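A.B. asks: As a plain string of letters, each chain reads:
There are 2 protein chains.
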Amino acid sequence: MKAVCLISGGMDSYVAAAIAREEGYLLYGLTFNYGQKNRRELTSARKVAASLKMKKHWIVPVCLPVTGSSLTDPRRAVPRKRTASVPTTYVPARNTIFISHGLAYAEVIGAEAVFVGVNAIDYSGYPDCRPEYLRQFQRLIDLALKKTVKGDRLFLKAPLLFLSKAEIVKKGLALGLDFSLTWSCYLSGRLPCGSCPSCRLRARAFQQAGVRDPSGRGK
Amino acid sequence: MKAVCLISGGMDSYVAAAIAREEGYLLYGLTFNYGQKNRRELTSARKVAASLKMKKHWIVPVCLPVTGSSLTDPRRAVPRKRTASVPTTYVPARNTIFISHGLAYAEVIGAEAVFVGVNAIDYSGYPDCRPEYLRQFQRLIDLALKKTVKGDRLFLKAPLLFLSKAEIVKKGLALGLDFSLTWSCYLSGRLPCGSCPSCRLRARAFQQAGVRDPSGRGK
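Here the protein sequences line up with chains A and B, keeping their order. When you line the first sequence up against the numbering used here, it's residues 1 to 219, in that order. When you line the second sequence up against the numbering used here, it's residues 1 to 219, in that order.
Hints are supplied without guarantee of correctness; some may be wrong.
No copy labels: a pair is met if it fits in one copy or bridges any two.
As the list claims (entries may be wrong) - DSS-like mimics (lysine-lysine), calculated; alpha carbons at most 25 Å apart, straight line: (1) 2 - 55; (2) 146 - 81; (3) 147 - 56; (4) 2 - 81.
Keep in mind that the hints were calculated from the coordinates and are not lab data. Fair warning: this is a prediction, and the values are worked out from it, not measured in the lab.
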């Protein structure tokens, strides 16, 4: 039983992939290099893949002429504060592109599921992290692939969808995960910056879970 | 008014893009280099983009660890005959990956539509060419993008969906298109092979339209 796991190098996709392993899947990892300033997450993704004993792990380049996101555009600074609406760190159609690649890989290797670390509770205001988006994507998958012509299904699984960030931390610790392997900061410093929205979200998660963050700046 | 046009270098996407131009859109082209053996279609895509005076045209690499398709795998021959079910030329999730890139580009440049040359009548048995697939994709788009959070829409347009191949030829000629710029053959010879399923489909289209194919082997 095979599963494709999309892993970013962050906490959520690490826990989601570990859940897939717990469910008995053989793991095939995909990580995307889409020009993110945060290069450290690619290194973290490799560590995560190794720690979960993934059968394969590929870092796949995704090339877009432009993205207009502060996560990739050197002329736009990553925001220091969480904004109310969709933040500048939004990368257009990112999850749609990533999941599409996951489908292709899953179909070729005969996987039964694609696992994503998408979370709808403490998420960052991205439209492609919403439950209705994922439900709709499942309906698209049910029409998109060769195997679906024969009535077979490929399942898009987001086991963290309705967990809080603190619950994700607890779940990961219960599964014996080492969060020091992961990287959440939007930047690529030696230590996490501690002040970008992603660092703040992470700090709060560990705080609420009542445990220390093993990454550099955990308090 | 901008439209992203996905062009392959073949006839259908050329006509679809020309229809977008006729409708008054400023055209932004995307072509995908996904390792297809047929390298000639990339050259044709450039010619098509130039002939339609596209504002921009990008050839975007799409990298997958494996595709399992005879269109890309050097160990698998492109079939000579049309098969009944989904043919070996099927590339897993191809249109899903391509359209996803189109969405990203469209959102960044503020385009209102993504045009695809998908055709459901004389198509090649690919699941991701079916009308229900495209309808479902529109529903996904309506949830996937930043602009859709504000209730704005981006339209996925497939103006050739219900045309026969002969009607596509006639439509293209009525729009003054030069089909000698396009390339349909699955291989990359000096002339089209004339015998692969795509060449056969093209030959029949011109025959039924009652006109000569200006590409090398047209009879």
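A.B. asks: For residue 2 vs residue 81, is the C-alpha pair at or below 25 Å within one copy, between two copies, both, or neither?
C.D. replies: neither (39 Å within a copy, 33 Å between copies)
A.B. asks: At most 25 Å between CA atoms: does that hold for residue 146 and residue 81 within a copy, between copies, both, or neither?
C.D. replies: between (44 Å within a copy, 19 Å between copies)
A.B. asks: Which holds for residue 2 with residue 55 at a C-alpha limit of 25 Å: within a copy, between copies, both or neither?
C.D. replies: within (9 Å within a copy, 44 Å between copies)
A.B. asks: Is it within, between, both, or neither for residue 147 and residue 56, if the alpha carbons may be no more than 25 Å apart?
C.D. replies: Within one copy only: 22 Å inside a chain, 36 Å across chains, cut-off 25 Å.
The structure fails to meet hint 4 from the earlier list, while all remaining hints are met.
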